[in-house]
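Asks: Line order of the protein sequences matches chains A and B.
First residue of the first sequence? That's 1 in UniProt numbering, and the numbers climb one at a time after it.
First residue of the second sequence? That's 1 in UniProt numbering, and the numbers climb one at a time after it.
In short, the hints are calculated from the structure, not lab data.
Just so you know, these numbers come straight off a predicted model, no measurement behind them.
The reader is advised that the hints may include incorrect statements.
What the hints assert, rightly or not - Far from chain B by the CB rule (all over 10 Å, computed), these chain A residues:
| # | residue |
| --- | --- |
| 1 | D70 |
| 2 | V305 |
| 3 | E362 |
| 4 | L392 |
| 5 | E491 |
| 6 | S617 |
Said to hold, decoys possible - Footprint (simulated), chain A over chain B, 3 or more residues, beta carbon under 8 Å:
| # | stretch |
| --- | --- |
| 7 | 21-29 |
| 8 | 63-70 |
| 9 | 73-80 |
| 10 | 85-97 |
| 11 | 110-116 |
We treat Cβ as the ideally placed atom computed from N, Cα and C, and that holds for glycine.
Here are the chains, one letter per residue:
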Amino acid sequence: MAGPSLMDSLFQRSLDDLIKGLRLHQPTSESTFISKSLDEIRREIKSTDPQTKSTALQKLNYLHSLHGLDMSWAAFHAIEVISSQNFQQKKVGYLAASLSFHSSTDVILLLTNQLRKDLSSNNVFEVSLALECLSMICTVDLARDLTPEIFTLLGSTKSFIKKKAIATVLRIFEKYPDAVRVCFKRLIENLESNDVGIVSAVMGVFCELALKEPKSYLPLAPEFYRILVDSRNNWVLIKVLKVFSKLAILEPRLAKRVVEPICEHMRRSGAKSLVFECVRTILSSLSEYESALKLAVEKVREFLVDDDPNLKYLGLQALSVVSLKHLWAVLENKDLVIKSLSDDDPNIKLEALQLVMAMVSEDNVHEICKVLISYALKSEPAFCNEILGSILSTCCRNVYEIIIDFDWYVSLLGEISRIPHCQNGEEIEKQLIDIGMRVKDVRSELVRVGRELLIDPALLGNPVIHRILSAAAWVSGEYVELSKNPFELMEALLQPRTILLPPSIRAIYVQSAFKVLIFCLYSYLFPDEAVASSPSLPVDLDPGVTSSISPKEFSESSDVVVTEPLADREMDEGFNPRDISQSLEDVSVGNGGDTVIAHEQTSCSATLKKDYFTQESIVKLLDLVERTLCPLMGTHEVEIQERVGNIRGLTELIKQELPEFLVHKERNVEGVKVKALEIVKLMHDAFLEELGPVSTSAQERVPIPEGLMLMENLGDLEGICGDIQLPIPSQFCFGMPHSGGRESTSLFNQQTDEESETSYECTSLLAEHRKRHGLYYLPSEKLETISNACPPAKDPQQSDDLNDDGQDLVKLTEQSLVPKKKPNRAKPRPVVVKLDEVDGITIAVSKPESKDYLISGAVREVLLGNEVSSAQHKLPDKSSNKRREKDKLDIDQPSDTKENLANVGKSETSTSKKSKHHIPGKERKHKSSRKNADEREDVQKDKTKSGHHNPRHKARQRADDNVDVIAQTPVIPDFLL
Amino acid sequence: MGIRFILMVNKQGQTRLAQYYEYLTLEERRALEGEIVRKCLARNEQQCSFVEHRNYKIVYRRYASLFFLVGVDNEENELAILEFIHLVVETMDRHFGNVVSTFPSCELDIMFHLEKAHFMLEEMVMNGCIVETSKSNILTPIQLLDKAS
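In isolation and in its complexed conformation, chain B is listed as follows (with noise of 0.2 Å):
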């Protein structure tokens, strides 16, 4: 299983979306969620983007007020994942307009639809796996739904 766990995570350390691939009980996540939070939250912008937290390797990347940070095995390439965070984003603002510019309105679009956001990352990710790359291939499902409700 090359990813391990997304998560999205505002300036103040809240939890904007967590999906996890293996399964933690909720005290386990709280308590993983705290920890690689507290540590990604304290570097700076010229820092590396990789944080090693227990068994996981930590690859994270900020835009404007979110972090979205991906939990790895150790197998996985980092650069892959840096690209995957940002295909992510770049998928999510092809939807929403905006995510990657505005605070706060990307964060509150995530907030506001926290469903869609993770059948995107199903259509991206299954099973720890990236098996879509395609923006178009990946929003294909959602905007036929968004057509049909």
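Here chain A stands alone, though its shape is the one from the complex (with noise of 0.2 Å):
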């Protein structure tokens, strides 16, 4: 490319030209003209004319910043034009530097030289272009070069220079950390200036060095406590109590002295900023001064009434500030968070959604639910599922806590479910199964919201809703015992419709229809075993047995019934229904509530019963198994194909055998042995088997039995189970009556489902096998410690209610403000299966570790580590952190003596607190004996009252071998006032 000709200097076009130029043209001719106009600039900026250049570079920024040109290709002609002695031109070169700069740009350093020379400038707008300019590219080695330059402008005289000097020194410190040595004192001193803009910087700086890392602050408190009380500057102020709501936390004391000239400030001032300010200290760090907190969440109020919808989203964002310490503050301003779900603005709306949400309690969560839903029907879909999320994630909180209504809960859950634009489906799914699995008592209503869900054949066209079909078809296979009507449920699962579903719940769906034939042709083959098995069950034949069972289960239902006679009891042929039912207490429902339900039914559901399992019903059923399942054989889904081979096997068997045992039934013979029949007892005595929720820890828990090695090679068990071709079907008939048995919370029982079709031999087989290869298996009495582990039914938390029930009435009076207490209930909490043992665990392993890690010595230092290293900005240097400290100390002398505030805290902490805004000049003579005597009181309260960072001030000062440590040790006392 040729060089620039003097046409291009005497012809360029200006700033104003390009922006003309771009004006004029369309969008899509822009980037035409802009790439033109770079070739022009790219011409002109290695003119030899400063102008011109400099003009280039002009129109160079004007590109790069509002049309994203990259510019750093310019940067060393940045630098040329930085070196003009024309200042216009100079400040087209500064600008160019601060907008592409950064500190991989290698010609930074070529800077360093003019940079020096700029800020030692007598043009006190050269220092300061220099000044901004560095504040905004500064790297570690500008900052160390240009250190000595900026000292000397702190201690300017001039107001404007100063300011500059001093928001630079933040960037240096954090490029350079070893500049705090030289510059700390002279920042420290600019504290006490009187022009309020040198006062706003330094305050600035400390601001964010404060925020950063509070602790190394707390000595200059006397200073800021100054400011706060003297400065009406709302800007300063402001920044302030930023600095005061971090140490405030660290330092009891000092919150006890700051509390009051907070409070002032928030009565007094009329600038919303700084009462804002004010509300946000008192709720974050001083929360536990109650006069204080009230006069804040006068001002909340005040905000949340107001018009201004910044003030109510601020207003509603201090609440949730303070709605974990202090939930009344909330509650007393509900009407308002309740009233913001329905403003315009989405952000007030999750705001206050939030709130509602901490609000919610086990009394009020009825309520809340109700409001929620009727808003998040109104809502625009966003936050409809915002609201439906939210009041999902809050009811399954801890094992769900607050539930104590699991009815009221379930349906709620159907409800939400059928909600247009739910996008929910894959919590309500998993929570479905859970409380199915952790809550007995709710069960039977659980079926009865699935089967809602499950006979609507509009809702398999909502492919969002397919999760929680998958959830509702798997409780009601695996609870259809208490379905009130297992031929409509058969119908539902098999419905054509089913088509529409993604083959992972299509196979679910026909796992449930194998469930629900197997349950049925058990009812029907085995007529009173099956009522006997499920007690509670509207198809019940006496209702006396439920009741008199029914109170003596409830008193029960928190042991661990070991049924070890269940096993024995498999083989015998004529057993006693009876302690089948008592053995099998787990299954049944066992509250009053609940029998009473049973005792209404009983009249119906006899006539029904009869009604429902004929030999036509039976029939019709197989037939409809038959007719839709056997089309789904060709399918090319394993899972799906694999299931209905099952079940096509089990129906082939029955129709074959139906009729030689229905001559059997008519003639009333006892013992003779039907292979369908036998196979039928075997899967529905699987299928009882209770599944209940596993622990993430419970495979870890598992003790390794002795003699058993991990790591050996088990080839050989192929050629073990080779000989025998039928593993162990009736494994889970077998022995492990409690949710340990089953450990698989899958949806599937795979494994049970394939051996279904095996030979009733298996039994003997399996002894056998054990026998033979007891190697392979968990010694049994192992296996009771194991699921002794995991009681399936306990809540500890029972006897807690049961205890808190006396104190019902004396709580009812304040039950609209105390969120945490128990209501005067109906109806007792069900029983939730909590795997506590988990927390139990963690807590154990985890609380003497994080007690060594408190106490340790090793570990404090490890943090103090850190915390140097975030002092210093990523560059952790002890030199450096000592000499800050040293610094400091050096001030804080000289500072306390000029400045007596520290004297005034002290006398007040002595005089206990005669006046507050007393400042005593006289005192300053005799203060050095006193303040000893004070001292040493001081630093043995300090001892007890905040022993956790002071051993760290400690650690310091030892480290700091410099400096006397007996002159230190006061120096805590003094800046806690």
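Hey, can you piece these two chains together into the complex? The hints should help.
Replies: Here it is in structure tokens:
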């Protein structure tokens, strides 16, 4: 490319020309114009004429900042322009540098000398330009090389320069922590400046520093306090408040001192920004001061009732800060919070929603959810889902802690599922299944809700709801004995529109159909046992049975029922159904409320039962199953194909043997073995087995049995299994009646299915197998301990609930305010299976650890290291830190004599708060002697009160061997006021 | 660092001024500006002036056809930033006249005097901290400069 010609200089486009040109062009042709201009700039910027060069750079600045053009290639030219004698040109150059330079700009070092020159210039505007640029582009090298200049400028007599130097210092510290040694003292001196601009700038710096690592700035508390009390500039006050909100947490005595002045500002000030900052400081750091908190909450209420959406939003945000510690503040403003749910502004609505969820307790969860659902129905899809999502997450918190009435909650889940746009299918699926496994008492309601979802063909067309349907299908299959109409359920599971489901969910449908089929067959083939084994069924033979068992069950329901005899009984031919019913207490629903329901339903259910399980209905059922599932044999989805195969195997077998069985039945012949019969019974028992929630750490907690080598090669196992074709089909019928037995929470019980077509000889084979290869099984007594470790239905909170019941009446009076109390429930909370031993174990493990963590000096040292690095901004430098500390200490003494705030504080603590804003100038002279006495006292207090961070200071001080330890100790109380 | 960036954007979403106090690459800037502008311009006058975006809080205000957007970190006082925005607008108004009132001249003023606008901001904010809040102090150097040239 040819060099810049004279013509270029003469006819150069100015920046105005460029802008006008840009405005003339349509967006389509704009880019060509820009690239043409860029070519010109590239040419012009090489010009020897400084004006041409700077104009070119000026245009480039413009294109860079508004059109996003890269200008890193022009870095060297920018430096050239900066060195110009002309101020206007220099300004263009500096702007270019601050817009485009960054730490990896390689020519940046060439700027050092020019910056140094400009920083020392007599022209304040040049100095100012250099400072502004330096504050933007500062690198480690620049910071190191220019620290002396900045130090000089910090002492400048011109406040115009001084305040900019102060602002630049922050960046310098960040890049080059050693600069702290040089500059910190001057920085602190400026805290006492009379110039508001200077104080504002210094406070800006300290605010930023203190936010990152507040502890180091505790010694400056007296200075900050003076500013808090004396300053009338809102910008400065806001910064000081920010600093105090960090410091007050660290030092309770400081908090006590600042709370009154802050309240004073809150009362006095008309500036909303300052009032808000006071409110926020009190809510976040001083909330234990009741009167202050009350005042702050009053102010928040003023914000909330204001028409200004900004204040409303901030008010809500402020409440959420305090909602964890002081929920009453939120409850007091309940009306306004709820009202904000229907605000125009989605941001306000979200804040309000969070607060509403914070208010939820077990007493108001019904009411709040009702209100929220009605809001959700009115809201646009996004917010609707926010609401639903937070309902779901709040209700399932801590294993459904706040849910008392699970029937209500389950039907709420059903209701939520049907809300259009509901995107929370996955969560609802998870909760439906989880509740089913954890809460026995709710299963019949669960089955009812599941039925409503399953029988509605319209829902199948909505992909969003498929996950929920999958849960409904699983629940209906798993707890089919609670279903009022299994045949209807079967029709629902096999309806034609299930073709719309994804294969994985369809497989669950098929599996559930299998369970339903087994249940129906069993109920038909073994009518007496079916009734006995599920006493709470609507299809109840004798209400007396239920009611006589129920009270007993209720009292025992929390016990782990060990049903060793069940295994033996399994082999017996004619066993007593009553026994079974007791040993299967786990399955039965056992509280008074449900018994009543069972009573009511008895009359109709008796007739229902007759209608249901007739030969005709069973045959129809089998036909239905065959007809709808046979076509699925050809599907490509193995999960479906396999399950369908299982069902077909069973139905064919049944169809073959059914006539034979009927003959036996008519003749009332006992003891005749029919293959299908055995299988049905086996399968039914297997399905009756209860599934429980599995703790995430369950696998780890299985003790390794003695003699078992986990690393052993199990290749020979195949050989062993090879000669026994049929592996342990009755594994699930045997031995393990509680949740530990069936470990898998997976929806599929594949193993069981596959084994369904096995011969009835399996039991004996199993026994033999065990005898031969006992090695591969966990010893039975070990199993016991494992399952005891996962008690299925033991809720430790149950007893608490009972204890609390007595106090219900007392607490009822404060119902509207106090969130944590139990209402006078008509219905006790059902047992919720909690795998609390998980928490127990983690606590047991982590507690001593965390204690060690706090106590051990070694860890503290690590902590110190961390803090050092954070204070030093990625450049951990112990020596500088020491120096900084030392500087501070040095400063502290003189500043102490100058400004006697520290002394005020001390005289107050010792004279138990006579006057608060009295600044005794006279006391200065007696100070040192009094000081020492007071300080010793304070040190003592300090040790007891804030033992946590004090040792750190000491550690630091000890590390600093240059400073006399005795001289230092008194420093601590000094800054505590 | 209290203030992380200051943007001025017109109703069409075109950036008219962009001042960053931390280094972002051009791509990051473009993406950030796009997202923020989309979020803020979709809101109406009755809604509050605060939007949370990534790890920033955006405080914005609309004057005539221009949106003034300030990205701050979480600790910053939103109302103070609103006051700051107002201060910026008043300062520009005093210097250029009619920033607040008339379209399109305010936008044009900033376009044609981008350097001056930057210069004003530099007087007010350094390193993300507000250092000057007096309008006359802010404008003195610019006026001197105008006289000199």
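Asks: With reference to the structure, classify each hint as holding or not holding.
Replies: Status of the hints after comparison with the structure:
no. : hint    : verdict
1   : D70     : 6 Å, violated
2   : V305    : 15 Å, holds
3   : E362    : 31 Å, holds
4   : L392    : 23 Å, holds
5   : E491    : 49 Å, holds
6   : S617    : 60 Å, holds
7   : 21-29   : holds (count 4)
8   : 63-70   : violated (count 0)
9   : 73-80   : holds (count 5)
10  : 85-97   : violated (count 0)
11  : 110-116 : holds (count 4)
Comparing the model with each earlier hint shows violations of hints 1, 8 and 10; every other hint is respected.
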